[in-house]
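Below are the chains, spelled out letter by letter.
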Amino acid sequence: MKDIVRQKIGINVDVMDLLNEQIAKEAHSAAAYLAMASWCDHNGLVYSADFFYKQSNEEREHMLKIFKFINENGGTAYSPEVSNINHEFNSLQEIFETALDQEIQISKSIHNIVTKCRKVMDYGTENFLQWFIQEQMEEENQFRRILEMFDLMGTDGLALKLIDERIKHGE
Amino acid sequence: MNLLYKTYYYSSYQCDQGRCFYVDFGHKRVKLSFCQLLALRQKVHNIDISSHFDKDLNYSGIEILTLCNREHLFVFDTLQIIDLKQLLKATFGILELNSLVVP
Ligand SMILES: [Fe+2]
Ligand SMILES: [Fe+2]
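Quick note, the sequences are listed as chains P and R, same order. Take 1 as the starting number for the first sequence in the working numbering and just add one per residue. Take 1 as the starting number for the second sequence in the working numbering and just add one per residue.
Take these hints with a grain of salt, some might be off.
Straight-line alpha carbon distances no greater than 25 Å define the calculated SDA-like cross-link-like pairs of lysine to any residue that follow [said to hold, decoys possible]:
#1 P:Lys168 x R:Tyr13
#2 P:Lys68 x R:Asn2
#3 P:Lys68 x R:Leu67
#4 R:Lys43 x P:Asp17
#5 R:Lys43 x P:Asp3
#6 P:Lys116 x R:Leu67
#7 P:Lys65 x R:Gln42
#8 P:Lys2 x R:Asp24
#9 R:Lys85 x P:Asn84
#10 P:Lys2 x R:Thr66
#11 P:Lys8 x R:Asn2
#12 R:Lys85 x P:Gly74
#13 P:Lys2 x R:Asp56
#14 P:Lys119 x R:Gln86
#15 P:Lys2 x R:Gln42
#16 P:Lys108 x P:Leu152
#17 P:Lys119 x R:Leu97
#18 P:Lys65 x R:Lys43
#19 R:Lys85 x P:Lys65
#20 R:Lys89 x P:Arg118
#21 P:Lys54 x R:Leu97
#22 P:Lys68 x R:Gln86
#23 P:Lys119 x R:Gln42
#24 R:Lys89 x P:Ser79
#25 P:Lys161 x R:Cys20
#26 P:Lys116 x R:Val101
#27 P:Lys2 x R:Cys20
#28 R:Lys28 x R:Ile62
#29 R:Lys89 x P:Glu135
#30 R:Lys89 x P:Asn20
#31 P:Lys8 x R:Ile62
#32 P:Lys116 x R:Lys43
#33 P:Lys65 x R:Ala39
#34 R:Lys89 x P:Lys65
#35 R:Lys43 x R:Pro103
#36 R:Lys6 x R:Tyr59
#37 P:Lys2 x R:Ile62
#38 P:Lys2 x R:Ser60
#39 P:Lys119 x R:His52
It should be emphasised that the hints constitute simulated quantities derived from the structure, not laboratory data.
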């Protein structure tokens, strides 16, 4: 019997499922950052708002990158449904902590797919995911640096304004 | 035509010449490209079988599935859905095994 599946698709089917789940996670991240941008806008933290609008865009780009990869290789990418977006925060610090936690979850999720790739010897997808591993390390570090500012400067009104300004320059 | 897997109600085949697949639904045999087979797999996978045992979630205990860009329309009951889930899981399992043995 011919291996028609392999003729049609360049990636492992189970890996494709995980990539589709990842698409949904990136879409969720994009929406979550948008909610954070909105909170910052409402609280007069314009530079942080700007920062999260940009983050949101980046997450959408991540999503598209995976989306196109699946389709280009003969699989089927599914447009994700996004739900459960939190809009309620107590402080800017809480937002950045939430953002870091979210990035850590995404890193773990990417690592999990890489592990699966190795198991089923899908080296093409593993190679594709290397970019995401690097990207996640940079994103995590970025949020760590910002949280360190809160440790150093505190969270009162003036510190908050200064941190907001710093976030503009940090970009 | 190679039989891939057979369940109580349904069976799946691979056609080497046509480079395509068939699913025999009993009263109807449907030709599927690999893409369409993937789509069927996804649709069946997304069905939450536990909703069939909850009157509020799925009162009638049926699922309506369209196939191949709505060229076909099927109505399944609970047992048929369980059977179909098994068929697709096993079919892709066999296909993966085949990938391992084809040099
Ligand atoms: Fe991302
Ligand atoms: Fe990110």
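A quick look at each hint next to the structure:
no. : hint                : verdict
1   : P:Lys168 x R:Tyr13  : violated, 59 Å
2   : P:Lys68 x R:Asn2    : violated, 32 Å
3   : P:Lys68 x R:Leu67   : holds, 23 Å
4   : R:Lys43 x P:Asp17   : holds, 13 Å
5   : R:Lys43 x P:Asp3    : holds, 23 Å
6   : P:Lys116 x R:Leu67  : violated, 30 Å
7   : P:Lys65 x R:Gln42   : holds, 21 Å
8   : P:Lys2 x R:Asp24    : holds, 20 Å
9   : R:Lys85 x P:Asn84   : violated, 28 Å
10  : P:Lys2 x R:Thr66    : violated, 28 Å
11  : P:Lys8 x R:Asn2     : holds, 18 Å
12  : R:Lys85 x P:Gly74   : holds, 23 Å
13  : P:Lys2 x R:Asp56    : violated, 46 Å
14  : P:Lys119 x R:Gln86  : holds, 24 Å
15  : P:Lys2 x R:Gln42    : holds, 23 Å
16  : P:Lys108 x P:Leu152 : violated, 28 Å
17  : P:Lys119 x R:Leu97  : holds, 14 Å
18  : P:Lys65 x R:Lys43   : holds, 24 Å
19  : R:Lys85 x P:Lys65   : violated, 30 Å
20  : R:Lys89 x P:Arg118  : holds, 22 Å
21  : P:Lys54 x R:Leu97   : violated, 45 Å
22  : P:Lys68 x R:Gln86   : violated, 30 Å
23  : P:Lys119 x R:Gln42  : holds, 22 Å
24  : R:Lys89 x P:Ser79   : holds, 23 Å
25  : P:Lys161 x R:Cys20  : violated, 63 Å
26  : P:Lys116 x R:Val101 : holds, 20 Å
27  : P:Lys2 x R:Cys20    : holds, 11 Å
28  : R:Lys28 x R:Ile62   : holds, 19 Å
29  : R:Lys89 x P:Glu135  : violated, 34 Å
30  : R:Lys89 x P:Asn20   : holds, 18 Å
31  : P:Lys8 x R:Ile62    : violated, 33 Å
32  : P:Lys116 x R:Lys43  : holds, 23 Å
33  : P:Lys65 x R:Ala39   : holds, 21 Å
34  : R:Lys89 x P:Lys65   : violated, 28 Å
35  : R:Lys43 x R:Pro103  : violated, 31 Å
36  : R:Lys6 x R:Tyr59    : violated, 29 Å
37  : P:Lys2 x R:Ile62    : violated, 36 Å
38  : P:Lys2 x R:Ser60    : violated, 41 Å
39  : P:Lys119 x R:His52  : violated, 35 Å
Checked against the numbered hints listed earlier, the structure breaks hints 1, 2, 6, 9, 10, 13, 16, 19, 21, 22, 25, 29, 31, 34, 35, 36, 37, 38 and 39; every other hint is satisfied.
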